[in-house]
Amino acid sequence: MPDYALPYQDDLGFTNILMSGLGGDGANMAAKLLFKIAVEKLNLDGGYDAKYGSEKTGTPTDVSIRLCPLGTPVRESGPTRRPHMLSVFRDKLIASQGLNRGLQASTTVMVNTSRSPAEIRELLKLHSGRILTLDATRIALETKSRMNMPMLAILCAQLGFPAEVVKAAIAAQWPRAQAANLAAFDQAVGQATSATFEPDAAYPLVEPTTITSPIGFANMLNGGAIDALTHLNIPAPDAEPLGRVPVFTLELCSHCGLCLVPCPEPGAIVWNDKKMVAINPVYCKGCMQCVEICPTTKRGKALVEPELAVV
Amino acid sequence: MLEQRTIISSGNEAAAHAIIDIGYDGEGYYPITPSSEVGEYVNRAHAQGEIDLSFVVGTSELAAISTVAGMAIAGGRAVDVTSSQGLLLKAEELPALAGLGLPVVLNLATRDINAPLNIKNGHSDLAATLGWGWLTFLAPTVQAVYDLNIIALKIAEAVNLPALIAYDGFHTSHANRRIKVFEDRQVVRNFVGPEPPPRLSILDVRHPHTFGPYMNDDLINTKVLLDQKMDQALRLLPKIFDDYARMSGRRYGFLDVYGDADAEAALLVLNSAAEAAKVAVDRLRREGKRVKVVSPTVLRPWPSDTLLQALFTADRIMVAERVSQYGAGNYLANEIGAVLQRSGNNNLILSRTYGIGGLNFYPEDADYLFRLALNFPNVPDHEKRWKGYYQAWAGEKDYQPQPVATALTKEETTRNDGKEKIDLKELAEMPHRIAKHASCPGCSTFANLDMFLRGIDGHVVLFFNTGCGMVVTTGYPSTSFRVPYFHNLFHNASSTATGVMEMYRRFRRQGKLNDEITFIVVTGDGGDDIGMDQVIGAALRNDPIIVLEYDNKGYMNTGGQLCYTGLLGQRFTNANVGPHQRGKPQHHKDIVEILRGTHAPYLFQAGVANYRDLIAKARKAQKMVREGNFVFGRFFSPCPLNWGADPKVGFRIVDKAVKSCLFPLYEVEHGKTKLNYNPERAGLKIPVKELFTSMGSAFAHLAGEQFADVAAEIQKEVDRRWKRLVEMDANPAL
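Each protein sequence line maps, in turn, to chains Z and L.
Taking this note's numbering, the leading residue of the first sequence gets 1, the next gets one more, and so forth.
Taking this note's numbering, the leading residue of the second sequence gets 1, the next gets one more, and so forth.
Hints may be right or wrong, so weigh each one.
DMTMM-like, lysine to aspartate or glutamate: derived pairs with alpha carbons at most 20 angstroms apart [unchecked claim]:
1) Lys274/Z to Glu3/L
2) Lys410/L to Glu627/L
3) Lys436/L to Asp238/Z
4) Lys397/L to Asp227/Z
5) Lys274/Z to Asp417/L
Honestly, the hints are just simulated from the structure, not real lab data.
None of these values were measured; they are calculated from a predicted model.
Same shape as in the complex, but just chain Z:
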């Protein structure tokens, strides 16, 4: 058994880790493997608790992992309120999910992003700690692995888990994807950029979330009804795009309207005066069925996948 000590301990002896991602990113799988390594290889205890609702591909989700020395009673359940370590699978979740709430002083933050640690600190409004950034999406693409692999690698490295133990566990868990996963693992550890931020009073510590909203028992409509005219789901014009969307070239479009047929997203294909004019990236989730159905005419093909677009 390797000699191992947890990097953080709260008054009960726990290191608290929060992973934040989207449904389908594999955060849950990464947490599962991390906990398995902790229990089976490092003789730790604790638990992991996934946020679970009706989890759809692309909806925000999180998983909390608690680690403690074996023998410590494990009594809390549900998400951790005061993470020592934060792993963010998509940097856009920092603002939308309020991920700075409850972060401790000297947090370790790991973010899949193309931004710098200093930029992430501004985005996160981090009191203090170490920020590691890596382009896990690119690493996953290049190594034909998944995004959760580089994110798991960097987390394990920060936890001080012995690399050979983690790699052996990854290899055993997914024997067929072993080479790809281990390549992603190595790249992540080698390529992360880090910076440490002292408690310089730039940002205060933020209390954990207390659930509340502008509508409560005093002003809720009878039976919890929703006023559709004030609460119709219309994103702000400057809302963050959801992800990878097709590239639309107006000049090549014959305005046949076929793309409307398989499209599940009302508002994604923008149509004006009997002409298709745009793809709205705030509505489009990137299923690419419109690309599949879009005909190639004499002029060409108006909708293509982003990687294939001639810019």
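Take the given structure of chain Z and dock chain L to it, following the hints.
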């Protein structure tokens, strides 16, 4: 102590592990979050040959528990799992199982009972059962879920009462922890007994008995027996707990008490919250406060004496419950008050409702409740009450949301009226009745609905059954519906629409309402399993509503469980593929053909593979309901998430489903069948095998060598049904 091993397990997995270790004869199953996984794990073990049991997926929770009743009356050991409204749907059968003396086991991953719908934790399901004659155990940890499953069966069979094990939905059902399980299953089987103790069986043809007779004045005596059995359980349980402790090293009792024996303040709280409260006890004791947490492990029989011993010395008792009895004292607070009053005590009892709808309960929360009890009545004004809510909020006084949309007018939504031609360019400008939603990328449900609604003019009112379509559209306080919408739980939409439509017609007759409205019900194929009777009822009454089914061949909102629409051999989370099971054991249900027997005026199948056909059917559907007719339509609706399919090819899958004749585009108008597209005649018919390769991992195995016989069976069945349709198309008399 017997040999055990460490595993990492969730609460649901722990329940499954116990079920597998016990070696039940049968399980009745119907999915509901958060307990669905239990049956999935059991089925996986069944497919692998680790356990051999009858695993029956019912049309509903009531069907599942009734199947369990059948297994039990035949002398089998039977188990079921549920949550929340699932439990309520079983409710007819649950007191009956107690009355009939059938020792079955029900795992309850607790979830609040409610509308508006919330799928998270709450104990209102548990509270509903308290008077139903069930032995009731509470498992606060993942470990306890495993252990109490074994203990519960033992006592259930000893006294011939059914037993329920309640553990917190999500907080425990989805918590993953290190637990211990027995290395050798046989020791568990020895503990519960290799066979149930002898009891009357319906299979005993040599000595017939009548079960479930009609009973008049004698009925009260059965109630006496229920109480006597509870008393007997109270006497027998200590020895069972002792035996289990010797075997496992883990001791359970009627109560779990943690803290100072002479505590000034006690917090009585159930399940996972009691674990969090122990942390608060430790912290408060370090401050010199005398406190304890009391958490019953057995709720029925109610351990009055043990509770009295644990509580009478505490001057201040806070009873925190994840449930509320509105307009009255709360469940446990009342019972504890009664226990104390009977013994001449008058401790201060405070009652708070907390943690509803999955609100988490942390040590800080227990700390707050302890301090409230310790300081009462010197507490903030809003807390100067014996009963109240903790964690609720009033909302912002000045909150004045501004309009973001206007109501759709009849004029702007009239684009089809009288037109023969189907022009996508024109229909592109039909305003969306359904706005942005949170479905998975490439979800066919909304592609079908969006296209169908382009063919419907004027005002529309929508009714959704519970399912993905409902969950991704109405996350409070936001809605995706620009038109009036009602979700009235799992399977009730068609009957609910009937009620609305009746009032619509009445108010129109009375001159109170002038708007012309089309009523559309939207359901998944699961909604038409559990709600099959209601859709048949609406068809038989010929109610002028349109019912649309998006058939994605499974219960996708709960994680991909078997629905009767699934194909023979289709892989589901609860119909696994393994050496001892080959996916779904039956052919796919054909709801349109089931409804044909109602002689409903208009039935159709459509899909995004042919938009002209789909729009034409939408127009005809509206014409039919305007003429006072019932309409049912079914869409073939790929689910990229649970089929494991590439979202990009969704509409191509639909096209292949049509061309393989698995999903013919056809309609039945006043009994006359019309094929709208005949791939055979067009020379484009493809083998179903070609379809399987593009449908994703739930189907891909059906195209492989090992499933060649299953694929051949499906082909044969598809061809048989197709030929029948071709004949019906050719012969109006059919």
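Take the C-alpha atoms of lysine 274/Z and aspartate 417/L, compute the straight-line distance between them, and say whether it is at most 20 angstroms. The hint holds at about 18 angstroms.
Hint consistency between lysine 274/Z and glutamate 3/L [alpha-carbon to alpha-carbon, up to 20 angstroms]: Given that 20 angstroms is the threshold and the Cα spacing comes to 74 angstroms, the pair is violated.
Take a quick look at whether lysine 436/L and aspartate 238/Z sit within 20 angstroms of each other, Cα to Cα. Holds: lysine 436/L and aspartate 238/Z sit about 15 angstroms apart, inside 20 angstroms.
Between lysine 397/L and aspartate 227/Z, is the straight-line Cα distance small enough, at 20 angstroms or below? 17 angstroms, holds
Proposed proximity, glutamate 627/L with lysine 410/L (alpha carbon, max 20 angstroms): 19 angstroms, holds
This entry does not satisfy hint 1, going by the numbered hints stated previously; all others are met.
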